[in-house]
Structures are given as C-alpha cells and as structure tokens.
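First to last, the protein sequences are chains R and W. For reference, each letter of the first sequence is one residue, going 2 to 133 in the numbering used here. For reference, each letter of the second sequence is one residue, going 3 to 407 in the numbering used here.
Note that these hints are calculated values from the structure, not bench results. Do not take every clue at face value.
Unchecked claim - If you want a taste of the chain R side facing chain W, the calculated C-beta under 7 Å gives, among others:
hint	residue
1	12
2	45
3	71
Said to hold, decoys possible - Beta-carbon label-pair distances, calculated as ranges:
hint	chain 1	residue 1	chain 2	residue 2	range
4	R	102	W	295	52 to 60 Å
5	W	164	R	43	35 to 43 Å
6	W	19	R	105	22 to 30 Å
7	W	184	R	105	54 to 62 Å
8	W	46	R	96	44 to 52 Å
9	W	24	R	109	14 to 22 Å
10	R	113	W	265	30 to 38 Å
Being a predicted model, the structure only gives us computed values, none of them experimental. Yeah, the Cβ is synthetic: ideal placement off N, Cα and C, and Gly gets one too.
Chain by chain, the residues run as shown.
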Amino acid sequence: MSQAPSAANSIYSDVIRERWRRPRHRGDLPGATAVAEDVNPLCGDRVRLMLTVEPQGRIAAARFVGDSCAICTASADVIAELVSGRSRSDAVALDVADVLAVLQSEIRPTRMRCVTLPLTVLAKALNGGQGS
Amino acid sequence: MKLNEHTRGDFPILQRIVSGHPLVYLDSGASSQKPRAVIEAMSEYYERSHANVHRSIHTLGEEATELYELARDAVHRFIGAASREEVVFTRGTTDGLGLIAETIGRTLKKGDEILVTELEHHSNLIPWQLVARDRGAALKAVPILADGSLDLAALDRLLTARTRVVAFTHVSNVLGTITPVVEIVRRARSVNAITVVDGAQAVPHMRVDMSALGCDFYVFSGHKMLGPTGIGVMYGRRPVLDSLEPGRGGSEMIKEVWIDRAQWNDLPWRFEPGTPPIAEAVGLTAAIGYLEKLGMDRVAEHERALTRRTIEGLAAIPGVKVYGPPVAVERGAVVAFAVEGLHPHDVAALLDAEGIAVRAGHHCAMPLMRRLGVVGTSRATFSVFNSPEEVSLLLAAVAGLRSSL
Chain R
2 MSQAPSAANS
12 IYSDVIRERW
22 RRPRHRGDLP
32 GATAVAEDVN
42 PLCGDRVRLM
52 LTVEPQGRIA
62 AARFVGDSCA
72 ICTASADVIA
82 ELVSGRSRSD
92 AVALDVADVL
102 AVLQSEIRPT
112 RMRCVTLPLT
122 VLAKALNGGQ
132 GS
Chain W
3 MKLNEHTRGD
13 FPILQRIVSG
23 HPLVYLDSGA
33 SSQKPRAVIE
43 AMSEYYERSH
53 ANVHRSIHTL
63 GEEATELYEL
73 ARDAVHRFIG
83 AASREEVVFT
93 RGTTDGLGLI
103 AETIGRTLKK
113 GDEILVTELE
123 HHSNLIPWQL
133 VARDRGAALK
143 AVPILADGSL
153 DLAALDRLLT
163 ARTRVVAFTH
173 VSNVLGTITP
183 VVEIVRRARS
193 VNAITVVDGA
203 QAVPHMRVDM
213 SALGCDFYVF
223 SGHKMLGPTG
233 IGVMYGRRPV
243 LDSLEPGRGG
253 SEMIKEVWID
263 RAQWNDLPWR
273 FEPGTPPIAE
283 AVGLTAAIGY
293 LEKLGMDRVA
303 EHERALTRRT
313 IEGLAAIPGV
323 KVYGPPVAVE
333 RGAVVAFAVE
343 GLHPHDVAAL
353 LDAEGIAVRA
363 GHHCAMPLMR
373 RLGVVGTSRA
383 TFSVFNSPEE
393 VSLLLAAVAG
403 LRSSL
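Full structure from sequences and hints, please.
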C-alpha cells in the first residue's frame, strides 16, 4: 500500500493543510458591503469574497465561500485574514507575494492560479464588486 | 499475453521517473503517449523528405506530397470511409468541429435549430453557440438520464422539422458513455438534419466504421490515438461535402482565382486551406499502422478490462464515487471519480506525488459538471500501454488519499 500521508506532506505546507481542514474565515457575511465572485477557467473553482467596508474605508470583516481546492481555499482564507481590520488601500496593495509568504509552500506554475483567484476576487470586490 | 506486455517497450516516455516513482500515465484521454514508430517516422520525414506539398515540382516536394496523401489513404482504410475524398485533415477535433460549424453555419437561417447533448465537450458546444448567435438559430441540448446515457425519448421530442444539425459525442470524455450513433443518425435523418459526431474519445479505443455508423460528419484528433499533436481528421460523407461551400479560404483549396471570385478545388483539398500538418500526417500514418498491427478489437478488449478493474476497485473504496454508466454496460476507456472531502485538483496533485498522472477539473464539460452537481472530477483514462499493475497502483494510492490532507 502507498504512503499517501507523506505525499501530502511533500506537496502542501502545514499552513495549507491546516487552513484547508479548518478555514478560519469561511462562511457568509451578513451585511457585507462589497461582494465579488469569480471562477478559475482551468478547473471551474469558484470563490466568493464578502467584505464589510466602513465609510472611512476600513475593512471591518472579510469572509469567503466557494468550491475550491486546498491551495485556493487556503489562499482565500489567508487573504480574508490579511485584509480584516486593514484600510482599503492596504488591501488594494496586497499581492501574491504576501499570500505566498503566509502559505509557506512551493507552488507549481500550474497551481499558481489557485493562489491568485481569491486575489482577483478581492480586487473585484474593492473595485465596486459584482456578484456573478 | 497481455497487450501491455507487447507495447510498453515501444513507448520511450514510460521510462520516466516522476516524483521518485516510475510514471503511471493515466491521462491518454487528454493526450496519449507516442510509440517510437511515430516519433521516428516524423524525425525521418524531417531529416529526409520535408518540403511543402502539392505545389513543389521537385523531388522533396513530391516525396512530401506522396507521404501526406498516404496518410489520407491510411485514415480512409482505418475508419471505413467510402472514399479517400471524404477524409479531410484538420488541426484537431476542436478545429474540425469549428470548421463544420462555420461551414454549415452559413446555410442556417433564423428559426433553425441545432441539437447538441449534455455530454458534449466544450469543443462541440461553443462553435454551435457562436453559429446559433450569428444566424439567429436556436441551440438545444438532449439531456442525459441518471445512468449517464442519453435520453432518447427527449431526443425524439426535441427533433423537429426545424432541426438542421444534430451534433453529439460518440464517447463521453467524462462518463465514458457510448452513444447509440446509428440510432441517433437514423432519427436525425428522419427530419433531414445533418449529423456531426465527435469521435475524439472513440477512435483511439475501438473499431469505428463510417459505413456502419452512417453519420454525415465524424471528427477526431491524432494526438489522442498515439499520433502527434496538431493534426486531426474531419470525415465528411461525400454528398454532404459536395453540397457545402468551403468554410475557410486560402491556398490549396482553389482551382482558379480572380479578384472577386474563385473556383473551388476538388474534394478533399477544398476544405484544406494553407500548408497542412505534413510531418504530423506522417506521424499519424505510423500511429494508425501501430494500432492496426495490434488490432482495434484487441485494443478495445484490453482497455475494457482495465476500465472494469478500475471501476470495481474504486467503487469498493469507502468515500469514493465513480461516475458514469454501470460497469456491466459497455463504455469508453474513461473513469471519472470523486474522493469524499477532497477537491479533484488535490487528488491529482497527491497522485502525482506518487508518479500517477490523472486529469482533474471540469474536463471541458462544464454543463455536464453542473448536471452532475460537481465543480469537477478526477479522471483516469487508458491506452494500449497501460497495465493491470498500474490500475492496482492507482487503487492503492486512492485508498490512501482520504487520510492525507
């Protein structure tokens, strides 16, 4: 028999595995003021990001829902965490390197879109947002 | 002796070590690997005979032309076409379906109806969406039943005097469903609709015979049948090809040209504008020769055994769901499955860490995924070189997956 657990260890960091098993920011956000959603055309993954942005521009809360793989889920979870309590301009400045720094995992080029999809959704939400 | 014991040594790529394991390639449904005979035929062509075809009056041009046209003869024989003029080379299945849609599209008018099915690959859906939009035609889909087969009663309801085209797959690239081509063609013909069959997942795996199927168009790719990328075949029944204007223009497809008009070339060249994929045609000849030597009935039998073993093995693993028709029903060399609690991409990544290549995602069949109620699936597909031992490796790896993330 194969030793699959070691395979998982070798391809995903503990951060990704932990956030996939127990995302901290997953779920609906009633009263969200900025909502956006997008899909990854390569795999059909879908992520919806909900933000409560205060009038002064501070992001009071962020949550996500979606059908997504471990990397994409972890990325969305990290992004929701990084933007919570931050200003809108801080959130706009968030880039893939910030997310990768938290994920602590080598991401192959074919899976990079899994990391960036939630970032695209964040930009969309901050840009006025549109639920599709 | 099992087929794979004959064939494995012919595929150089199977020597690869991936993630520290010998490669287990279960993604031939996306693109098959190539036997040495194909690779060498193409190298030899480039090293000895390459020139442009048809217009070059010199030795190499003649050799290239002869080799290119030999490929047409090989396809003609392999698929049981009535004549070599019915074999048109394209760049692949997607290209062939697009060409047919564009060509037939010009004859459609507002209110005409195009019928597809819920099983279709996007390549047999999007071209019809574009044509329907441009011509004001209606696009409708034949639904599937719970067992993954087509709802033929619904087909009868959807077929009307307005139906001009019925475009459907021969073998589903997700469920492995084999559609009743002869029956569908018969019903479509009763309303004088043109039939277009996507054979990409059929031709590499079973005997297909145009004279028996009776469809108007049948398209497939070289690269899924042990041949090279960049070449495909559009078979068209002669009376239908004769009745159609070329979809695309350029060199090779004309006889005589004036500034404002042109006279079309004879079949099949009328539908082959531009320099064709010549080396790829040479590779395709070699691939067909390879498959013919094995015998398509033997290929089908071998792959059926692997498919059956995979379905039964996966279904016995707790938390694993297998899609498609029941194992007792004859189906293509495709097994789509889901592992409870795991995303298909993670399944593929975890299997890759053990050297096992499977496909994951929507398989370019988003409407079908929606019908199944999933984002995507993982998918193992088989070819002549796969072994029962490889199936065992897949099953063992999948059994270990649920505890792994």
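Consistency of the hints with the structure:
1. 12: 5 Å, holds
2. 45: Since chain W brings a Cβ to about 4 Å from residue 45 of chain R, closer than 7 Å, the hint holds.
3. 71: 5 Å, holds
4. R/102 with W/295: 52 to 60 Å: Check passed, 56 Å falls within 52 to 60 Å.
5. W/164 with R/43: 35 to 43 Å: 37 Å, holds
6. W/19 with R/105: 22 to 30 Å: With a Cβ separation near 27 Å, residue 19 of chain W and residue 105 of chain R satisfy 22 to 30 Å, so the hint holds.
7. W/184 with R/105: 54 to 62 Å: Holds - the Cβ-Cβ distance for residue 184 of chain W and residue 105 of chain R, about 57 Å, lies within 54 to 62 Å.
8. W/46 with R/96: 44 to 52 Å: Between residue 46 of chain W and residue 96 of chain R, where Cβ atoms are some 50 Å apart, the hint holds.
9. W/24 with R/109: 14 to 22 Å: Taking Cβ atoms as reference, residue 24 of chain W and residue 109 of chain R lie about 21 Å apart, which means the hint holds.
10. R/113 with W/265: 30 to 38 Å: Roughly 52 Å apart at Cβ, these two residues miss the hinted range, so it is violated.
Violation of the numbered hints given earlier is confined to hint 10; every other hint is satisfied by the structure.
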